[in-house]
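Colleague: Order-wise, the sequence lines are chains A and B. Reminder that position 337 of the first sequence reads as 349 in the numbering used here, one-by-one numbering, no gaps. Reminder that position 301 of the second sequence reads as 313 in the numbering used here, one-by-one numbering, no gaps.
If you are wondering where the hints come from, they were derived from the structure by calculation, not from laboratory data. Be careful, since some hints might not be right.
Covered, in the sense of this in silico footprint (three residues per stretch, anywhere, with C-beta under 8 Å from a C-beta of chain B), are these stretches of chain A [stated by the list, open to error]: (1) 95–107; (2) 326–332; (3) 397–410.
Which stretches of chain B does chain A cover? Using the computed rule of at least three CB atoms under 8 Å from a CB of chain A, they are [unchecked claim]: (4) 71–82; (5) 96–108.
To give an idea of the chain A side of the interface with chain B (calculated C-beta under 8 Å), a few residues [as the list claims (entries may be wrong)]: (6) S71; (7) R74; (8) G141; (9) A365; (10) G368; (11) A417.
Glycine included, each C-beta is placed from N, C-alpha and C at the ideal position.
So the chains spell out like this:
2 protein chains.
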Amino acid sequence: MGEITHVSPLAPAGFPDLPEIEGVEFAAVEAGVKYQNRKDVTLMRLVEGSSLAGVFTKSATRSAAVLDCQEKIGAPSSEGAAIIVNSGNANAFTGRNGMESVAAVTNAVGECLGLPASRVFSSSTGVIGEALPHDRIISKVSEACEALSTSGIRDAAEGIRTTDTFAKGAGSTIEIDGKPVKIAGIAKGSGMIAPDMATMLVYIFTDAQVEQPLLQKVLSELTDQTFNNITVDSDTSTSDTLLLGATGTSGVEITEDNSVFRDALRDVMLDLAHQVVKDGEGATKFVEVAVTGAASDEDARVHALAIANSPLVKTAVAGEDPNWGRVVMAIGKSGAAADRDLLSIRFGDILVAENGWVSPTYSEEAGASYMKAQELAINVDLGLGDGASTVWTCDLTHCYITINADYRS
Amino acid sequence: MGEITHVSPLAPAGFPDLPEIEGVEFAAVEAGVKYQNRKDVTLMRLVEGSSLAGVFTKSATRSAAVLDCQEKIGAPSSEGAAIIVNSGNANAFTGRNGMESVAAVTNAVGECLGLPASRVFSSSTGVIGEALPHDRIISKVSEACEALSTSGIRDAAEGIRTTDTFAKGAGSTIEIDGKPVKIAGIAKGSGMIAPDMATMLVYIFTDAQVEQPLLQKVLSELTDQTFNNITVDSDTSTSDTLLLGATGTSGVEITEDNSVFRDALRDVMLDLAHQVVKDGEGATKFVEVAVTGAASDEDARVHALAIANSPLVKTAVAGEDPNWGRVVMAIGKSGAAADRDLLSIRFGDILVAENGWVSPTYSEEAGASYMKAQELAINVDLGLGDGASTVWTCDLTHCYITINADYRS
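This is chain A alone, in the form it adopts within the complex (with noise of 0.2 Å):
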């Protein structure tokens, strides 16, 4: 009880076989920015002609990177791209300094690659509020811009994780006009994960070629459907981003309406998104919270986020109680629609609740039975009208507690 395993019982076997993408490189080198003896610094670069999109954490308090990124992504550009991600350090409430590493950073890397500094994109996670120490960033950028390779994507994975106890990534292969169209991304995030976004880094990359405009469109609308729909612990980081390169290399070019890339782009995300829930800190359980027949779509998600956050439902699914009460509650606090005789409450299969009580036909046997296994699905009907969305947690743990009462993030 408390201890941190060494990886998440809700981790995939090993990391994914992931596609090349022709016009993307991955290095990753030890810079001791924080960790010591491992890879901290990790190195993307985008083929000339790529297109760049990215969304970020609306916090308020926002890093100096996230800041930087903003301001350069919508502009349009044919120079190529690079992303510099640092681990151990968020440069987040950092002042002035922070805009200064920034600067540093990206710059060196622009010289090193033959980029200007507009089109350097840089991530930081880790602590707040301590100077980043780009020199030591900066003094391992020309050992990383000769170690890039098209195959180094796990590298980057292992690179860019911070508390996370496995690499994240996903990947797919699709055909559109009889042409393979590759995606893969990598992902790191385990705790102040919550919509929008956490404290999570996540970079994707296709060989189609997609305008900025439209690859940012449906980058947007996508992450609505994933990374914003995920929540370990209710609390937002002043360091997400979410960037996706489009290199153009299938020679496959992507219109509005093609919904075989939209489809394979969103298996990717959420793959990677419900890869950071399974990271979640001390997560054991991973639980789908899926409410339907509400008032409306954004009453759904209120339900299911209140449902997903309540500290008392993350706990009665860390000690398997088919605790269907907290979820009663936890409906009833949401401040949306709600009509305790209207509503029922599935575990899965399992009708629990309806009719404003118990169902006769639910048997605590079945319910303790059910909470046993690792993944589990709440279902929410408020029998008020069409509304629905569907949303990704875990349990809350000891080792949440541990691993939070005692590393300086």
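We have chain A; now place chain B onto it with these hints.
Modeller: Structure of chain B alone, referenced to chain A:
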């Protein structure tokens, strides 16, 4: 780590000596509603001519007893009143049976005390979703009626406990127009505590004479400064009830602008509210979060609650880690107006951060030393306006997980 301590380390030295209120009697009996071998049914009687005011949970799934109280509370009456409380079962989300149980219990009390059921109020606290075994309560009503005594308030405070680790009472005797006026109250609550109101039952009595509409107005206003500004775990219960009875037996009539009475009542309410936080499940630290300089009072409250409810702030407090970066994070995520470069953060009197970064005068040693205290103050000034709000919370510990991963509430 994780064991349930017998009594909260934040508990007061003992139950206070409370003034006896003429015209208010108390009794507690063992009915075995759920708990065995402890008093679990509490009866309180108010003399003829008493006024009664109440505030209740806003949960959309509130309990049958709350719905019944809300229906009865505003009706003018000079017939006296009774309050009956059971612990162990919340009679919430129990369908139509729930209202039938309330009617059965309040009718039985009314018959025993010669009161119409419309003047018998009830509360139930404990497990949600299980039928209230009201026959067990009814079979003990006459025993409770016979045991009524003006000196029984401590028994009542014991009888309403569920997971509370100590009985909670507060009182005051003031002088108005040369005559003594007494106030005495009891409370229960330790988990599922959040605005609005939490799993909290509070009963306060005074021998002042106050017309019902004024009593209700004062109670509602003071609740917003006291019980609605505490949070243990952000979860709101289906059963929260605060009743305030004024017997008039002191012969002192209170009018609208009596600040002596209002201040004394506020002090009693705040004392009880703080005791609820100090009995927060697993609490080892009591934390005051005071936000000033916000764009509005409401913005200040949003920021204060974002800090007080943040699992990452609460675990840092548990770990005695002066992790002010998490306070920055919580301000950033709250959604209310903030400017990174204008806000300042103090732990007690220690200036921690200002001008968008750690203060040059701050030392980690001073912060770490401060965090070892049992009572802490996190003070944030936003530098934007005159809005202010103060809320109170506790830390998030292993013991909270232990209690809530096992206890069926």
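Colleague: Now look at each hint and say whether the structure bears it out.
Modeller: Hint check results:
Three residues within the 8 Å Cβ limit are the bar, and the segment 95–107 of chain A against chain B gives 5, so the coverage statement holds. Beta-carbon proximity to chain B at under 8 Å applies to 4 residues in the segment 326–332 of chain A; the threshold of 3 is reached and the given coverage holds. Counting residues of the segment 397–410 of chain A whose CB lies closer than 8 Å to any CB of chain B gives 3, which reaches the minimum of 3, so the coverage claim holds. Three residues within the 8 Å Cβ limit are the bar, and the segment 71–82 of chain B against chain A gives 4, so the coverage statement holds.
Residues of the segment 96–108 of chain B lying with their CB closer than 8 Å to a CB of chain A number 6, which satisfies the three-residue condition for coverage. Interface restraint check for S71(A): the shortest CB-CB distance to chain B comes to about 3 Å, inside 8 Å, so the restraint holds. Interface restraint check for R74(A): the shortest CB-CB distance to chain B comes to about 7 Å, inside 8 Å, so the restraint holds. Because the beta carbon of G141(A) sits about 4 Å from the nearest beta carbon in chain B, less than 8 Å, this interface hint is met.
This hint holds: A365(A) has a C-beta 7 Å from the nearest C-beta of chain B, less than the 8 Å allowed. Interface hint at G368(A): satisfied, since its Cβ lies 4 Å from the closest Cβ of chain B, which is below the 8 Å cut-off. Contact between A417(A) and chain B, as hinted, is supported at the beta carbon level, the nearest pair being about 3 Å apart and thus within 8 Å.
In this structure, none of the earlier numbered hints is contradicted; all agree with it.
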